[in-house]
Structures are given as C-alpha cells and as structure tokens.
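Just so you know, the sequences run in chain order A and B. With UniProt numbering applied, the first sequence corresponds to residues 1 to 536, in that order. With UniProt numbering applied, the second sequence corresponds to residues 1 to 318, in that order.
FYI, nobody ran anything at the bench for these hints, they're computed from the structure. Be aware that a few hints might be false.
[Stated by the list, open to error] Stretch by stretch, here's where chain B covers chain A in the computed footprint (C-beta under 8 Å, at least three residues): (1) 69-83; (2) 375-385; (3) 457-469.
[Stated by the list, open to error] 20 Å max Cα-Cα, derived DMTMM-like pairs, lysine to aspartate or glutamate: (4) K204/B x E129/B; (5) K118/A x E16/A; (6) K507/A x D60/B; (7) K112/B x D245/A; (8) K61/B x D74/A; (9) K346/A x E72/B; (10) K125/B x D146/B; (11) K112/B x D74/A.
[Said to hold, decoys possible] Estimated spans, in silico, between C-beta atoms of each pair: (12) Q213/B x A463/A: 28 to 36 Å; (13) E260/B x A463/A: 33 to 41 Å; (14) A40/B x A229/A: 50 to 58 Å; (15) T317/A x V74/B: 28 to 36 Å.
Each residue gets a CB set at the ideal place from its N, CA and C atoms; glycine is no exception.
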Amino acid sequence: MATKSAHHGDNYINFEKGLWSWLTTVDHKRIGLMYMATVMFFFLIGGIMALLLRLELFAPNAAANVGNVLKNGDVYNQVLTYHGAIMVFMVIVPGIPAILGNFFLPLHIGAKDVAFPKINLASWYCFMAGAALAIATFFFKKIDTGWTFYTPYSIRTGTATVLMVLGAFVMGMSSVLTGLNFIVTVHKLRAPGMTMHRMPLFVWALYSTAILQLLATPVLAITLLLLAAEKLFGVGIFDPALGGDPVLFQHFFWFYSHPAVYIMIIPAMGVVSELITTFSKKVIFGYTAIAYSSLGIAAVSFFVWGHHMFVSGQSATAGIIFSFLTMLVGVPTAIKMFNWVATLYKGSVSFDSPMLFALGFLFLFAIGGVTGIMLAVLPIDVHFHDTYFVVAHFHYVMVGGTLMALMGGFYYWFPKMFGKMFNESIARLSFVFIFIGFNVTFFPQFILGAMGMPRRYFDYIPAYENLNKISTIGSWLILTGFLMGLWVIVQGLRNGPKAPLNPWGSKTLEWQTASPPPHDNFAVEPIVTAGPYEYR
Amino acid sequence: MMWFNLAKAQSFMPTQGTEIAKQVDNLYGFLLITSFIACALVIGGMIYFVWKYRRKTPNDKTAYISHNTFLEFVWSFIPLVIFLGVFAWGWYIYHDMRTMPKNALEINVVGKQWAWEMEYKNGYKTVNELVVPINTDVKLILSSLDVLHSFFVPSFRMKQDAVPGQYTAVWFRADKLGDFHIFCTEYCGTSHSGMIGKLKVVNKEDFDRYLEQGQEERNLPLAKRGEKLFAVKACASCHSVDSPAVKVGPTLFQKFGTEEVLDDNSKVTIDENYLRDSMLNPNKHIVKGFPKGVMPTFQGQLNENELSALVEYIKELK
Ligand code: HEM
Ligand SMILES: [Cu+2]
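Given these sequences and hints, build the entire structure.
Written out as structure tokens, the structure reads:
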C-alpha cells in the first residue's frame, strides 16, 4: 500500500504507482490513457476483421475457388457485424471524446479535473462492462445482424442479439456519463478569465458533442431494451409476426444513430481546428462561425434521421422533408471547411506529422461531404442506398474524417501526454501509407456502388471483380501505415527524447504546464486574459 | 446536349433501362461536376495555400485575420442555393418515381430468404425471373414472407424495401429489351448475396405468349411439366428414358427407388434428394464407371417448381 509520501511524483504518471493505482484513479488524464489503451486494442480487433472481409472479397468465389477465406456466408456476416459494431461503438464513438477529450478538456480550460472525477472513472468501467458483454457474444452463438440490428432479422436470427444490444446499451451509459461530465465541467470549472468565447474550439466541439450524447443516446438505449424485451418475452413491437412494425425500429435507431454520426465527427472537427491554427501559427478564421456551427449541426441533426430510410416504405412526403432538412445540415459543414482553408491563407504552414493528418482530413472530408450531399438527393439515394457507394461515403467521413483527426491529435499531444517526442520521419511515412491506402481502398467503392454492387455481400457477380481487387490491395497499404504508427508510438514511449514544454509553439493553456502535466494539471491556477489563438 | 453529359458518360452507372434512369443520370452528372468543382476549389485552395505560405523561418510573421463577414456570407449562401437547387431537382424526379401510373400491369413480388417469387395476375408463378413487356407501365406490389428485403434493379435506378406485414410498391416503364439484374439490397442473412434474379424485358407479343405458356404449364400435371423441361434443358441428349441403354450418362429408365453403386464402391438409394443433388451438384456422387465433371450443374437454372417437376417425371419412368 502506497503511503502518502509516495504521492509526490512530479507528474501524473509517477504520482502513484502500480496497476491498482490506475484501476482506481480518478485523474482525468489517467482515465484518458486507459481509454486509449482499450480503444487501441478494439481497433486492432476491428481492423483484423476488416482485413478478413477484404480478403474474402478479393475474388468472387462462386466462379473460381479462390477468395474462399471465410468459410461461408454465415461466417462472413458475423465478421462483418463484429467489424461494424466494434468500430462504431468501441472505436469511433468513444475515440476522440474519451481519449483526447478526457485528457485535454480540463487542461484546455485551466481546470484541475472534470466536474465529477468518480463518475468519469465509472464511465470507463461502464464502457469496459459493455464491451465485455459485446465480446461475450463471441462465445455464445456470435452475432450476425449487422451493426444496425434491423428488425425483424435481429429478432429471428439464432445469434446472440440480446447480449449484444445489452452491451451496446451499457456502453451507451458510458457515453451519457461522459457527456454529462463534460457539460458541467465546461459550465462550472473554467479558470478565471476563461469566458465561453475564449475557449479553444476543441472544447466547443466537445461541448456540442456532449449535448448530443446526453440527448440522443437514451433513445438508443430504450430502443435496444425494447428489442431485447421483444426477443426475450415476445412483446410485439417490431416483429410483424407479433403484431409489431419493423420500420418503427429504423425510425428509433436512426433517431439516435444520425445524431451519433455527429457525435463521431464534431470532436474530430474540434481537433482539426486546433491543428490548423497551431501549424499555420495563425488565428483561426471565423471562430464564432465554427463554434456555433457545431451547435447548429448538433441541433439540426436530430431532424434528418429519415434520410436513411428513403426506400424503407416511409411516405414520399416524409422523404421530401428529410431530404430538405439534410441539405440544411450540409451548410454549416461546408462553412467549416472554408474556414479551415481560409486559416491557412497568409499563415506560416509547417508539415509536421499532426498537420499532415489535418490536411488529410480536409482532403478526405471534402469528398465525404460532397458524396453526403449526393446521397441526400432523393432519386440519387434511391439508386445508391445500401450499395457500396454508401459504404464508401461513410468510410470517407468516419475513417478519413474522425480517425485521421484522432491520429493527428494523438501525435500533436503525444509530447504533452508522455513528455517525450516521437520519430517524426516514420510518423510522416505512416501518414503517407494510410492516406494513399485509404483512397486505394475506398475510392473504387464509390464506383462499385454506382455500378450497383449492394453492401453486405459475401459474394458478387464477376463484373465487380477488378475494383474489388484494387480495394483489397489498398487495405494492405492501410495496414502497413498503421503498423508504422504503432511502431512510432512504442518507440517514442520507450526511447523518445525528452519533449520541451511547448514543442509546436501553441497558444492554448495545456502547453503552459509541464510535459507530462503534474497531478493537479497546473502548479498555479492560470488566469486567462486573451483568446486561444493569439498568434500576433 | 447538356454540358454535363460528359460526366454522365464517365459515371459508371449501369445501362439506362428506363426514362427515369436517364433523368436520374442527368442529375447525377450535374452533381458529379459540381462536386468536382467544389472539391477542386477546397482541396486546390488548401494545396495552394500550404505551398505558398509554407514555413520559411521559425519566426515567420503571420496575418491576423479573425473573420470577414462578407466572405462568410457568400460562402454560406452559395452552397445553400446549390443544395436547395439539387434538392428541388431531386424532388421533381422523385415525384415521378413515386407517383403510380393508372392502369399499370400489376405483378406481385414476394421476397423470402433467399429468393424472389413473382406472381402474375393469371396465377402464374416464377422464382427469380420477372418477365415484363417493353414500353408498358408495370407496377410491382412488394411484400415479404420473413425479414426485410429490398428489390433493386440497377439499370432502372429503382429500389424499394419489401417489408413483412405490409405492401410497398414501385413502378417502371422499361424502354430497352434485354436481361437486367435484380439484387437484394437489404441485408437478410446467410445467402443475402445469392438472392439475385433476372428481369427480362421482351416484346409485347412475346410477353403474351410467355403468360399463356405459363398458364398452360400451370394446368399440366407435374410429371408432364417435367417431361417438357427434360426436353428443353436437353437432358435427353445424355440420359435415356425408355430403355436401359447407356448414353453419355446413366439411364434413368426404371431407376427410381433402386440402388446405385458409386465410384468409391459405396451404395446409395436413388430417392428425391439424390436426384436433386445430381442436378444441382452433379459431382457430389459419381456413378461407378462414369467420368467426373461431365454433367454440368443446373444450379441457378432450375427453380424449385421445376426441380420437383423433373423429380416427379423421373419417378414415373416405369
Ligand atoms: C455533409 C454532411 C453529410 C451528409 C449530407 C450526409 C448524408 C448522408 C445520407 C443521405 C446518408 C444515407 C445514405 C443511405 O443510407 O442511403 C448517409 C449515410 C451515412 N452517413 Fe452521412 N452524411 C454526412 C456526413 C456524415 C458524417 C460526418 C458521418 C460520420 C462521421 C456520416 C456517417 C454516415 C453513415 C455511418 C452512414 C451509413 C449508415 C448505414 O447505413 O450504415 N455521414 N449520409
Ligand atoms: Cu445520417
């Protein structure tokens, strides 16, 4: 048992020692790192699943006997479901808020911790418990519903739907608790002088996300409970055989999951705002527009869920209204893109690895955005819905957007988190592989979708073979890129040279404290007298 | 000729089988060009700026530009106008897609794991094959026996979910003869990707003949239908049916219910499932004395009804 005198390390990492001190910590920085370790682990598993799927699709296996990697359609469908569910619920949704948000939100606003440190720890345990339930399905009949759990398939399948949705439910609780914590932290714990309009844009983004997490996630929770009740007790809600309505499930599901796509992207937009200003040494263009467009997107995103259901049997009028509202979400998104590009104008742009990821984000998110608009146009979506075009679109926004920002943010804050620098050349090389590999993998999928190839296909007609081959090869390039990234992290942690206080010359508060920060974040409480991007 | 026809031609969309498909492609061509310009502006601007303003010394002076109301207004307004424009254009086409024509030829389509069953007004049923006349309004009334399915014909830019417990509908007017793919685009389990059908557009006379034949066939006894198929599918070129004479393959005369010796010297009784296997998966059992790989598979060429008809016919070869 550590005595009080041992509590005097000079930073949060050596402040206390031993595994137990981590498992019981209420320090937001340590909790951020625990999320990091777990999310990276799940990313590895989800990634292996993805590689398997792509291998299977290397060739159509009905014709020739190659490409028979996964034994049959059932196995393919299970791998597909695990890939989607893990990547969405265990990587992209918690990713930026739980790792970087936890670590940097208090530092950004000059606070000692989040408002409710114990709830913060509880949310990590919730996350782990939910993840454990989800992973447990692997040992009980697996799961093959796709990450969307559409009824009545999810009710009739022989696989472990109930266990899986309980897992997602518990993970959702974790998301709600984090959101709640962040909202209160932003309102109550800002340092003297840190007005709302002096908060870094990353904080604004986390704040908007937190509102979404708090309001949307309970809807998913209720939906999943109803699904479990139907499956366990035969209460007829969604299954027409029991007098239910299968389309109702889709309404409920997307009422959460559309806002959820903004839970996934808004924090990434926040990270990118930080990176662009820092690495062009310039005040962000249109601070207010960016800050409030996050809130605007969050608000409107509650009313566009029906754009996932244009061919579901909902009325034509509903389709028209949802298409219209979706167009409105496009505008604030476009504004942000222009603001970032304008920030580069007359700046002093460096090409450090975090900036490469931010520029990569702009590139890929532009493509994700314009294809999103295409999908919002009714007759175009009728053709593209549930084809590989949609698959390409959401990978451009979720991987090209969120994951790129996560990687960039991670490299950016690495020196602060660990007090060490990493190997910059390999980090850049890893970016090059990920960026090129990403486009090689996913761009052909737009074309496949236009040609009509449906998604969630174990096998396909020979006309689609060449593009699928290219896509599979791309997946190996991405793998190479991520392995390099892993090496950069491990090597940096073990042998990285000591990091200076503020290696990139940033203006935000976290760079004024030690690297790594002390247990209480700041030796003396900072007093804020200016905005976050005063590069003059 | 419109300026975005070039984009349309390069867009990889499948053959245009209907007038609506052409309209959809016009709009898509427009979206492709506008998207390309938008990306070129944003990405091109980004690349130009990062190059022009790349860091030269560690202490470069940068401009302090916090916002510009006019610019921000312009770049909010222009996208808004474009978005609302394409929305309205989309609405216009969607309206046509969703307004059911009067007096259309109605065909019922039932999705089930994992096949499409078509039922014509005269009661004729087929599996995974939909035959329709050219230049005629056709309305499909969709439903499902089990889980969600989605009826997708890429060449017609047409898609609609088949929902258990309710009817949904689509219509089209094909203006090209030929065969088109039908895919299922709503995930439905194990063989989701095998749930592929064929949509044949034929001349009106051919369509009438098709329906009549179907009607006649429906009235024939099962074994008689099998006999016809046996001829049509050219089974008779390899199998004799009226004597024990051996052609390329074993005779089928008086075979049902007897025992057959296979090439690994095991014995099987010829029953319904053995016959079924022999047609769909001919290399699974090879009769002793016959080479492997000679008989082609009829997987995908015979539907359930046809299989039963053939089995019934072979049963009755006495
Ligand atoms: C300009 C902004 C965007 C617009 C206009 C847009 C539009 C759309 C539309 C209309 C669909 C439905 C397509 C269909 O199912 O047929 C869709 C699907 C999807 N979008 Fe977006 N989107 C945008 C941004 C994003 C972002 C930022 C994300 C996530 C980070 C995202 C993630 C997804 C996902 C996951 C799906 C597919 C869901 C599924 O069926 O599995 N989108 N998007
Ligand atoms: Cu959406």
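We went through each hint and held it up to the structure:
Only residues whose C-beta sits within less than 8 Å of a C-beta in chain B count toward coverage, and the stretch 69-83 of chain A has 4 of them, enough to reach three; the restraint holds. As drawn, the stretch 375-385 of chain A meets chain B at 8 residues by the rule of a beta-carbon pair under 8 Å; at three or more, the given contact holds. Chain B is given as covering the stretch 457-469 of chain A, and this holds because 5 residues of the stretch bring a CB closer than 8 Å to a CB of that chain, at least three being needed. A threshold of 20 Å between alpha carbons decides the hint, and for K204/B with E129/B the separation of about 17 Å falls inside it, so the pair holds.
Proximity of K118/A to E16/A is assessed by CA-CA distance (about 17 Å); at most 20 Å being required, the pair is judged to hold. With a C-alpha separation of about 16 Å, the suggested pairing of K507/A with D60/B holds against the 20 Å cut-off. At most 20 Å may separate the alpha-carbon atoms for a hinted pair to count; K112/B and D245/A meet this at roughly 18 Å. Under the criterion of a C-alpha separation no larger than 20 Å, the hint pairing K61/B with D74/A is inconsistent with the structure, at around 61 Å.
A C-alpha spacing of about 18 Å is found between K346/A and E72/B, which places the hinted pair at or below 20 Å, so the restraint holds. Taking the CA atoms of K125/B and D146/B, the gap is near 19 Å; set against the 20 Å cutoff, the hint holds. Among the hinted pairs, K112/B with D74/A is consistent with the structure: their alpha-carbon atoms are about 17 Å apart, no more than 20 Å. Restraint check, Q213/B to A463/A: a C-beta distance of roughly 31 Å satisfies the suggested window 28 to 36 Å.
The hint said 33 to 41 Å for the Cβ distance between E260/B and A463/A, and at roughly 40 Å that hint holds. Checked against the given bound of 50 to 58 Å, the beta carbons of A40/B and A229/A, roughly 52 Å apart, stay inside it. The supplied range of 28 to 36 Å is met by T317/A and V74/B, whose beta-carbon atoms lie about 33 Å from each other.
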